[in-house]
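Enquirer: Single-letter residue listing:
Number of protein chains: 2
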Amino acid sequence: MAENQISIALLGYGTVGSSVYQLLETKAQEISQATGASFAIKKILVRDVNLPRSGAPQEIFTENIEDILDDEAITLVVELIGGLEPAFDHVTSLLEKGKAVVTANKQLLSQQGAYLFRLAEEKGTRLKFEASVAGAIPVIKVLRESMVAAGLTGIFGIVNGTTNYILTEMSRTGARYEDALARAQEWGYAEADPTEDINGKDAAAKMAILASIAFHTPVTLSDVDCSGIETITALDIAYARELGFTVKLLGVARLYDDQINVRVYPALVADGHPVASVSGAYNAVFLTGSSIHEIMLSGPGAGGIETASAVVSDIVSIVTHPQTALSENPIPYRNLDLFPDEEVVSTFYLRLEVQDEPGVLAAVSQVFGQNGVSVESVIQKGRGAHAELVMIFHPVEEKRFMAALAELGQLPVVKGTPRPLRVEGKDHER
Amino acid sequence: MAENQISIALLGYGTVGSSVYQLLETKAQEISQATGASFAIKKILVRDVNLPRSGAPQEIFTENIEDILDDEAITLVVELIGGLEPAFDHVTSLLEKGKAVVTANKQLLSQQGAYLFRLAEEKGTRLKFEASVAGAIPVIKVLRESMVAAGLTGIFGIVNGTTNYILTEMSRTGARYEDALARAQEWGYAEADPTEDINGKDAAAKMAILASIAFHTPVTLSDVDCSGIETITALDIAYARELGFTVKLLGVARLYDDQINVRVYPALVADGHPVASVSGAYNAVFLTGSSIHEIMLSGPGAGGIETASAVVSDIVSIVTHPQTALSENPIPYRNLDLFPDEEVVSTFYLRLEVQDEPGVLAAVSQVFGQNGVSVESVIQKGRGAHAELVMIFHPVEEKRFMAALAELGQLPVVKGTPRPLRVEGKDHER
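Sequence lines, in order, name chains A and B.
The first sequence begins at 27 in this note's numbering and counts up one residue at a time.
The second sequence begins at 27 in this note's numbering and counts up one residue at a time.
Since the hints were derived computationally from the structure, they do not count as laboratory data.
As the structure is a prediction and not an experimental result, all values here were calculated from the model.
Be aware that one or more of the hints could be misleading.
Said to hold, decoys possible - Chain A stretches covered by chain B per the calculated footprint, using a threshold of three residues with CB under 8 Å from any CB of chain B: (1) 56 to 66; (2) 318 to 329; (3) 437 to 450.
For every residue, glycine included, the Cβ atom is placed at its ideal position computed from N, Cα and C.
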């Protein structure tokens, strides 16, 4: 095999950056034996070169992106800054110079992916991004390269480890949301500011990336409706368990003929479904398609070393698969419309606080019946002066269900704001 | 994108072959849009061209391999005959002519893989085999291309759907082995002659392939010790459940510095481990490594359409990634010795029938103690005149445990032949 020497630059040297550096050092021999190539990190962009750092030698750090842009020996750059700016500027300039870019930046890709892939293509280079979703789990490669004839129709993603950890804790211990969040922060599974995890935005960015690759159409963050786990109560989780479900924050992408629907929401997942057993800070991506039936990839979410492992896979892939006549960049070849949320047929779970008096169930049932919403099961629980109805419905167009819900809010016997959750995976069979 | 026309031949036209034909027809547009290439099946080798067949037109069938070998327009051949001969002869001849080969043949690869990969390399062509293990689950691609820096140390594989179905049925219903097997045959999850599934040979061939790719060393079928599920009783499964385990037929490949150990055996898998929740006719491959922590890929085993989907992925991969300076063939770059089974440190489960009299537990414990085998837990169950000891041990070198077992067989209070099972995944944490 020809020995191929590749000079690399890193943008950013945080947890992932230093892990990439370390991985390329410690695994140099294995990588070289497997690929015939060797890699040297020649420059690292940081904001302040004077901060003390371990790992890389002081002299390769720089504060100036031009040092990397103008170095013709550097043909491959790993962007680990995160966020839109200055990452977008830097990646644009790098691609314009014809340098290959590997990035872990979900914000960048979910907002500017299609533009950047076209730019890379125009300039005869590559933009790779395995590390942007689900850490070391090679879901991008699998979607890009192994699912061409899969006839993909759907994706379930547990793509945010923080929320899965919190929901697992709540389910395991009966803890309240606030306490489970505090525990997640204590154990390092949640940031000091976990807003983007909790409200589903982080998952939405990742689902935009997955959906665009799976369905070959541009999907951006703004196409993905999301709701988070802030309003999930210990009671919901307990009822879900009783009914044979586990609550998960799910990313759901579905193909409807020539339209797609991509959303993130907390859902009751049937316990027989593989996604229900993905616990703790784990991630999973569950694919369905006519030729594959279903495939699930799972593993820990994005720790430093796992993300670095994905980055190195991309580096290796760029070097071992040079750009060919056929595009290596995932440029969408079609432009699918969004399938409207209100036309999606969903199964709902609803916990309803009502006055504990005769005729309440009849009144509630009538509202649903009049809107064409059919109840599959209902459990009535006495809770002091109030009662609680825990209901599961037959699949129904979401607009019908939402109409019923609005009417329900008008009933004097109904207390508080009813918060439905969707149910997924009920019809799963092995 | 350049439109690239590829002429293909199939060897064999059974369930998988006809699914490949159908998939290339029905997904032609998607494949062409995604890859810029289009595929035409030009010839199909069968034993008797006169048998009625659906799908492909009569005139493309042939009984003569020379028709394919000598057709220079055919650059890619899919081997779906299975077994060693004549598949080995045909594949050798095809590679010698420089034609790329895609195969689903686990016997061929687990016995002649290293030779055939070298031959492909010499002739400047490719041999691909995603479909040989775990149907549509792209485990070969992931191992080959995404795990270069993973620091892989271990593989657990549930790579035989038949046995996983049988064990799941036994666990779910309490059925005896014979009844669960009959049910598997009735539902089409087991062949009329399921010998190779049941005795672990099928799984052993697949584990040889996985281990050789993961650890970059030749591993052949004869390197893989295997035991099957014939002797698993409903009682073992019930005790396992009681203790928090699920019985699985596991392929286990482990790297010990510069040695490897690859085996197939039924094991008690701790219920918290992801592999324990892989039920029914499903397959899963669970990878551990220093940089990935762990990753699991799971999905249905090898149905016709799933296997065909993997075949088409390989076809696409060959066309979109032409042979480069760096090898596309998984040629082992080292030659690791086998780590001796008796030095492996394992955790054992043992169900022991003993006479129900005072001092029996002491006698049994003494035998283990004298051999340096330490008991972690023991449950004593009265069963009529006899008692049963259900024991779990602390991890121990297998030779010590086997020595204790041999001595145990000499004790007059011990009835029958004690059959230990290994325990896996106990220390798994999420």
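Enquirer: If a hint holds in the structure, say so; if it doesn't, say that too.
Expert: How the hints compare with the structure:
1. 56 to 66: holds (count 7)
2. 318 to 329: holds (count 10)
3. 437 to 450: violated (count 0)
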